[in-house]
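Colleague: Just so you know, the sequences run in chain order A and E.
All letters in the first sequence, in the order written, are residues 279 to 756 by the numbering used here.
All letters in the second sequence, in the order written, are residues 279 to 756 by the numbering used here.
A couple of the hints might just be wrong.
Since the list gives no way to pick one copy over another, a pair counts as held whenever it fits inside one copy or between any two copies.
To be verified - For lysine-lysine, the following PhoX-like pairs were computed, each having C-alpha atoms within a straight-line distance of at most 25 Å:
| hint | residue 1 | residue 2 |
| --- | --- | --- |
| 1 | 290 | 500 |
| 2 | 367 | 505 |
| 3 | 697 | 650 |
| 4 | 505 | 338 |
| 5 | 580 | 711 |
| 6 | 697 | 367 |
| 7 | 620 | 505 |
| 8 | 515 | 391 |
| 9 | 500 | 603 |
| 10 | 697 | 391 |
| 11 | 580 | 697 |
| 12 | 580 | 515 |
| 13 | 650 | 553 |
| 14 | 603 | 553 |
| 15 | 684 | 738 |
| 16 | 738 | 338 |
| 17 | 620 | 580 |
| 18 | 515 | 711 |
| 19 | 650 | 338 |
| 20 | 328 | 684 |
| 21 | 603 | 580 |
| 22 | 319 | 684 |
| 23 | 650 | 505 |
| 24 | 684 | 697 |
Hints listed in this document are in silico derivations from the structure and should not be mistaken for laboratory results.
A quick note: this is a predicted structure, and the numbers were derived from the prediction, not measured.
Number of protein chains: 2
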Amino acid sequence: MTHFLDEILNPKSVAFLGASNNIITMGTGQCYTLKSRFTGKIFPIHPSEKRILGLPVYRKLEDLPEIPDLLIIVLPTRLVTEYLEAAGKLGIPYAIIVSAGFGEVGDVDSQEKLNEIANEYNMRFIGPNCIGVINTHSCHGILNCTWFPFELPSGQTGNISLLSQSGSWISQILIWAERRGIRIGKSISVGNEANTSITECLDFFRQDDQTEVIGMYLEGIKSEGRKFVETLQATAKDKPVVVSYHGGTTAGARAGMSHTASLGGNPSIYETIFKQSGVIQAANMEELFEFTHAFSLAHPPKGNRIGLVTNSGGPAVTLADLCEKEGLRVVSFSNDLQSQLKEIIPTVASANNPIDLTFDMNFTLFYEDVPKLIWHSGEVDALVFYGIFGSSMLERSVRYNHGEFKDLFPLEGMNFLVKETLDRFFEWVHTNKIPVLISCIDTADNLIPILQENRIPVFKWPGMTVKAMKALVEYYSR
Amino acid sequence: MTHFLDEILNPKSVAFLGASNNIITMGTGQCYTLKSRFTGKIFPIHPSEKRILGLPVYRKLEDLPEIPDLLIIVLPTRLVTEYLEAAGKLGIPYAIIVSAGFGEVGDVDSQEKLNEIANEYNMRFIGPNCIGVINTHSCHGILNCTWFPFELPSGQTGNISLLSQSGSWISQILIWAERRGIRIGKSISVGNEANTSITECLDFFRQDDQTEVIGMYLEGIKSEGRKFVETLQATAKDKPVVVSYHGGTTAGARAGMSHTASLGGNPSIYETIFKQSGVIQAANMEELFEFTHAFSLAHPPKGNRIGLVTNSGGPAVTLADLCEKEGLRVVSFSNDLQSQLKEIIPTVASANNPIDLTFDMNFTLFYEDVPKLIWHSGEVDALVFYGIFGSSMLERSVRYNHGEFKDLFPLEGMNFLVKETLDRFFEWVHTNKIPVLISCIDTADNLIPILQENRIPVFKWPGMTVKAMKALVEYYSR
Numbered sequence: 279m280t281h282f283l284d285e286i287l288n289p290k291s292v293a294f295l296g297a298s299n300n301i302i303t304m305g306t307g308q309c310y311t312l313k314s315r316f317t318g319k320i321f322p323i324h325p326s327e328k329r330i331l332g333l334p335v336y337r338k339l340e341d342l343p344e345i346p347d348l349l350i351i352v353l354p355t356r357l358v359t360e361y362l363e364a365a366g367k368l369g370i371p372y373a374i375i376v377s378a379g380f381g382e383v384g385d386v387d388s389q390e391k392l393n394e395i396a397n398e399y400n401m402r403f404i405g406p407n408c409i410g411v412i413n414t415h416s417c418h419g420i421l422n423c424t425w426f427p428f429e430l431p432s433g434q435t436g437n438i439s440l441l442s443q444s445g446s447w448i449s450q451i452l453i454w455a456e457r458r459g460i461r462i463g464k465s466i467s468v469g470n471e472a473n474t475s476i477t478e479c480l481d482f483f484r485q486d487d488q489t490e491v492i493g494m495y496l497e498g499i500k501s502e503g504r505k506f507v508e509t510l511q512a513t514a515k516d517k518p519v520v521v522s523y524h525g526g527t528t529a530g531a532r533a534g535m536s537h538t539a540s541l542g543g544n545p546s547i548y549e550t551i552f553k554q555s556g557v558i559q560a561a562n563m564e565e566l567f568e569f570t571h572a573f574s575l576a577h578p579p580k581g582n583r584i585g586l587v588t589n590s591g592g593p594a595v596t597l598a599d600l601c602e603k604e605g606l607r608v609v610s611f612s613n614d615l616q617s618q619l620k621e622i623i624p625t626v627a628s629a630n631n632p633i634d635l636t637f638d639m640n641f642t643l644f645y646e647d648v649p650k651l652i653w654h655s656g657e658v659d660a661l662v663f664y665g666i667f668g669s670s671m672l673e674r675s676v677r678y679n680h681g682e683f684k685d686l687f688p689l690e691g692m693n694f695l696v697k698e699t700l701d702r703f704f705e706w707v708h709t710n711k712i713p714v715l716i717s718c719i720d721t722a723d724n725l726i727p728i729l730q731e732n733r734i735p736v737f738k739w740p741g742m743t744v745k746a747m748k749a750l751v752e753y754y755s756r
Numbered sequence: 279m280t281h282f283l284d285e286i287l288n289p290k291s292v293a294f295l296g297a298s299n300n301i302i303t304m305g306t307g308q309c310y311t312l313k314s315r316f317t318g319k320i321f322p323i324h325p326s327e328k329r330i331l332g333l334p335v336y337r338k339l340e341d342l343p344e345i346p347d348l349l350i351i352v353l354p355t356r357l358v359t360e361y362l363e364a365a366g367k368l369g370i371p372y373a374i375i376v377s378a379g380f381g382e383v384g385d386v387d388s389q390e391k392l393n394e395i396a397n398e399y400n401m402r403f404i405g406p407n408c409i410g411v412i413n414t415h416s417c418h419g420i421l422n423c424t425w426f427p428f429e430l431p432s433g434q435t436g437n438i439s440l441l442s443q444s445g446s447w448i449s450q451i452l453i454w455a456e457r458r459g460i461r462i463g464k465s466i467s468v469g470n471e472a473n474t475s476i477t478e479c480l481d482f483f484r485q486d487d488q489t490e491v492i493g494m495y496l497e498g499i500k501s502e503g504r505k506f507v508e509t510l511q512a513t514a515k516d517k518p519v520v521v522s523y524h525g526g527t528t529a530g531a532r533a534g535m536s537h538t539a540s541l542g543g544n545p546s547i548y549e550t551i552f553k554q555s556g557v558i559q560a561a562n563m564e565e566l567f568e569f570t571h572a573f574s575l576a577h578p579p580k581g582n583r584i585g586l587v588t589n590s591g592g593p594a595v596t597l598a599d600l601c602e603k604e605g606l607r608v609v610s611f612s613n614d615l616q617s618q619l620k621e622i623i624p625t626v627a628s629a630n631n632p633i634d635l636t637f638d639m640n641f642t643l644f645y646e647d648v649p650k651l652i653w654h655s656g657e658v659d660a661l662v663f664y665g666i667f668g669s670s671m672l673e674r675s676v677r678y679n680h681g682e683f684k685d686l687f688p689l690e691g692m693n694f695l696v697k698e699t700l701d702r703f704f705e706w707v708h709t710n711k712i713p714v715l716i717s718c719i720d721t722a723d724n725l726i727p728i729l730q731e732n733r734i735p736v737f738k739w740p741g742m743t744v745k746a747m748k749a750l751v752e753y754y755s756r
C-alpha cells in the first residue's frame, strides 16, 4: 500500500490558492517556483485575476475541470477553513496549508476545526504554518512549492530527505545546498502538525527507498512521544538519521511556542533519546547539513583509525590534533609502511601519519601512490585528504596579475592530468569501498564539483571534516 | 625606535633568490605575487636567466646596484647558508628564509648555522621553513611574498594581524578571506623561529598601531615560555588576541614536530595560559578567522543580554537556543516594551524576544523601528539579526525561471529602498556604538559586501554567529 505522504509528494495535478500577479507576496512566489519545474497540471484559483503566471485561472474550486490530487493553500488565515471545507466536499484528497495564524498564535480552536474538516471528508493535510514540500523524484518533474528555487546538478539524484519543524531551514538553504553539492531528494516542512505529525513523516522516510539519509530539524515533540521514539529507533536502524534539536532552553522554547506551537523539552532528555536511538546528533544547522552530506556520499568506515594525506603542514597538524580530540585515532604507521612510503615521497615530507607531501604538485603521489600504500597496509579504517589540485588558484593568480605571463601557466594541461588521475582515484575508492573525506579551504577549486559528482564528499575546514568523520565512525560502529 | 619587524614589513627594495621562469615552482609563484602589488624595487638573483617575470636579473648578490632592505630566500636547502652569509657580508640587514629542510627534518646543526651567520653580521631573519609575510599597509603598495594573491576590497584597510606557525593557514586562506570580507592587514609566517620568535612577533603587533585584532595559529612554544606568557598577557590587555592551538595531542605533536619542529604541550596547560591571559580561544581555524572578523568590526558589548530580530521562525528558535546554550541571555522583554512592539509589528509576529517578523519584507521595520525600540529600552546589551533583504534571491528566482515574468519583479526599486534604509541603520549603529552581528544563510546576498564595508559583520550560520557574540561578550566583560 502506498503511504499517503508518497501520494502528497507525487501529485499529477495541483490546485493553488493564494497566488496572484503581485509577485512580492509569498503565495505568488511559491506558485512561481512550483511552475518552473513541475510538469503536472497547476490550477491557480483567484476571484478576479484572468491569468496568473501565464496559467488560466479558476474562480473557485468548484469550477476546476478535474479533481486535483493536491491543494496548496497560502490564503489569509480567516479564509482557510472555508476553502478546506470546499475542497473536502469536492473530494480533493490532500492539502498543504501554508497559511499561518493558528496554534502558533494561540488560536487552537481554528486549528482543531481544520482537523475536524479533514476527518469529516477523509482528507489528510500538512501544516498549517508550513512552507510546503519538495520532491525532486516526483513523477512530474520537480515538485517544489517553497518560495526558493532548487534543482540538483544535472545527472544527480538526491538521496537525502529533510524533515523540519521550520520552513526556513529547509527552503532558505536550497541555493546554498545546490552550490554545496548537498543531494536533497525530498523535504517536508511539517508546520504545526495539526493533521500530519513529524512521526508519520519519519515513518514514511523510513519506508521510502529513495531516502538513504534523513536530516531532521526539531523544536519539540507535540504528542505521541513514545511512538516518536519507537519510530526514531526503527528508522535509525535502517538508515542514518541526523537530528538538530533546538527548543530545550527557556528562550528556545519560548521562540518555538510562537513559531510552530512546539514546547521544547529538557535538552538532556532529548539527548538521551537520540543516543539510545542511534541517531546522529548535530549541534547546529551547519552540522546537520554537513553530516547528511557525508552520509549521502561516503562509504562506511569500519573503525576509528584515520590516515591523513595533506599538501601542507598546518592543515596536517590541525587535522591530526582535531581527530584525536574527537576520539579518532591518527595511528602511527608501522616501520614497514614508513619504509615503503619513504621510497616514494619527497625528502622534506614526513613518512608517518599524517603524510604531509608539502608544496609538491604530484597528483599521482597524492591521489594514487600514497593512499594506496596506506589503505592496503590495513593500518587505517578511513582516509582524510587536505587539499585538491584544481587549476583555479593558478587561474586566479593570472587574473590577479592582469594576465601577465599567462603563457607560463600550463593550466589546460594541468586540469587534464589531474582529471585522469582523479578518474582512477574514483574507481579505486568505490571498488574498494573506502571511506574518504576531503578538506579544502579553496571552495572555488574547479575540481570540487567533479569530486562530489563522483561521490567524494568535500568539506571546507578541517574542523567540520573531522566532525563529519566522527559522525560516520560512530554511526557505523554501533 | 622602530621595531625590526616593522622594517622587515616595510622594505623599499627586495632581493629575491629562488625565482626563475619555471612558473610551477613555489619561488617563482611567490615572486610573481610579490611583483603584482609591490611598488618598491625587486631584484631577482639567478645564475643563468636573463629576465624573470619581466624583471632584469642579477647573477649574484654582489652584482646588485644597491644594498636591498630585505632578502627573500626560496632556494634548495643546501644553498641557503652560503647565500645568507653573502648577504651578511654585503650588509643586507634582513632576510626571510622560506626554504625548508632544517630543524623540522632534524637538521638542527644547519639551522643553528643560520643563526650564527645572522649574529655575526648583525642580521635578523624570519624562518626558515616559513611562507613569508604580508603587509597591506606597506609604504610601497602591498608586500605579499606568499604564493597566494591577496588584496583588500578597495577603500578598506586591514586592522587584523595574523601570526602563524603554519604558512598554509595564513596564505591558502587569502582568497577566501578576501571574499569573506576579513580585513587582514599584516601576516607573519614564523616557520621554525630560528632567529625570530613568535613572542617577538606578538610583541611587535602589540606595539603596532595598525593592528587592532591579532589572530594566532599555534603548534607549540619553542623557548622562553615565561616571556611568551607575559607578552600574551600584556598584548591581550591592549587588544583582542584570538588563538587556535593545535599540537597538544599525540598525533598533533608528532605532526607539529615534522612541520615546524614544534613539540606541542599538554592542551590543558595551554588552555590555562590562554584563560589567564584573557586570550580568546578558537577551537579550530574557522573560529579563529570568524572571531577575528567579529572583533575587527563590532562595537564592544557591555553585557550578555542579547536581542534577536529575525525574518523567519526556525532561525529565531535556533539562535535563541544556541545563545542560551553558550551562556548568553535572550532576555524576555518587559510588558512595556512588548506593548510598544505590538503596535508596529505584524499580527502573526511575536512581540517577545526573539522578534520574528516572519516573511514580511518591511525593511524599515527590520532595520529601524524594531531594533531602535529594543535597543533604546536598555533591556539588551547587543543585537543579533537573522536575514538581510538584498534582491539576490529574487534575481535568482527570475534566472531560474528563464526570466519569465521578470517585469513583475521590482528588483531595482527594491535595492534602492533597502540601501536607503541601511544607510540610516549604519549611522544609528555607529553613532550609538551598538554591538550588532548579522547571520544570513544566503551568502550571495548582494547587500553583504555593503554591510561589511560599513563595519557590520555578517556570518552564515547561527552557530558561528552565536559563538562570535560569545567571544565578544567574554572578552569585553573581563
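Colleague: Evaluate each hint against the coordinates.
Modeller: Here's how the hints hold up against the structure:
1. 290 to 500: The answer is neither: 32 Å in one copy and 69 Å across copies each exceed 25 Å.
2. 367 to 505: Neither, since 32 Å and 82 Å both go past 25 Å.
3. 697 to 650: within (18 Å within a copy, 55 Å between copies)
4. 505 to 338: neither (39 Å within a copy, 80 Å between copies)
5. 580 to 711: Only inside one copy: residue 580 and residue 711 sit 11 Å apart there, 53 Å across copies, limit 25 Å.
6. 697 to 367: This pair counts as neither: shortest intra-copy Cα distance 60 Å, inter-copy 49 Å.
7. 620 to 505: neither (57 Å within a copy, 39 Å between copies)
8. 515 to 391: neither (37 Å within a copy, 62 Å between copies)
9. 500 to 603: This pair counts as between: shortest inter-copy Cα distance 22 Å, intra-copy 36 Å.
10. 697 to 391: neither (60 Å within a copy, 44 Å between copies)
11. 580 to 697: Classified as neither; 29 Å inside a copy, 54 Å across copies.
12. 580 to 515: within (17 Å within a copy, 48 Å between copies)
13. 650 to 553: So residue 650 and residue 553 fail the 25 Å test inside a copy (35 Å) and across (43 Å) alike.
14. 603 to 553: Both: 20 Å inside a copy, 19 Å across copies.
15. 684 to 738: neither (28 Å within a copy, 35 Å between copies)
16. 738 to 338: neither (51 Å within a copy, 43 Å between copies)
17. 620 to 580: Result: close neither inside a copy nor across copies, 27 Å intra and 56 Å inter.
18. 515 to 711: Within one copy only: 21 Å inside, 52 Å across.
19. 650 to 338: neither (66 Å within a copy, 44 Å between copies)
20. 328 to 684: between (58 Å within a copy, 19 Å between copies)
21. 603 to 580: within (19 Å within a copy, 33 Å between copies)
22. 319 to 684: between (53 Å within a copy, 22 Å between copies)
23. 650 to 505: Neither: 47 Å inside a copy, 46 Å across copies.
24. 684 to 697: For residue 684 and residue 697, the Cα distance is within 25 Å only inside one copy (21 Å; across copies 39 Å).
Consistency note: the structure conflicts with the earlier hints numbered 1, 2, 4, 6, 7, 8, 10, 11, 13, 15, 16, 17, 19, 23.
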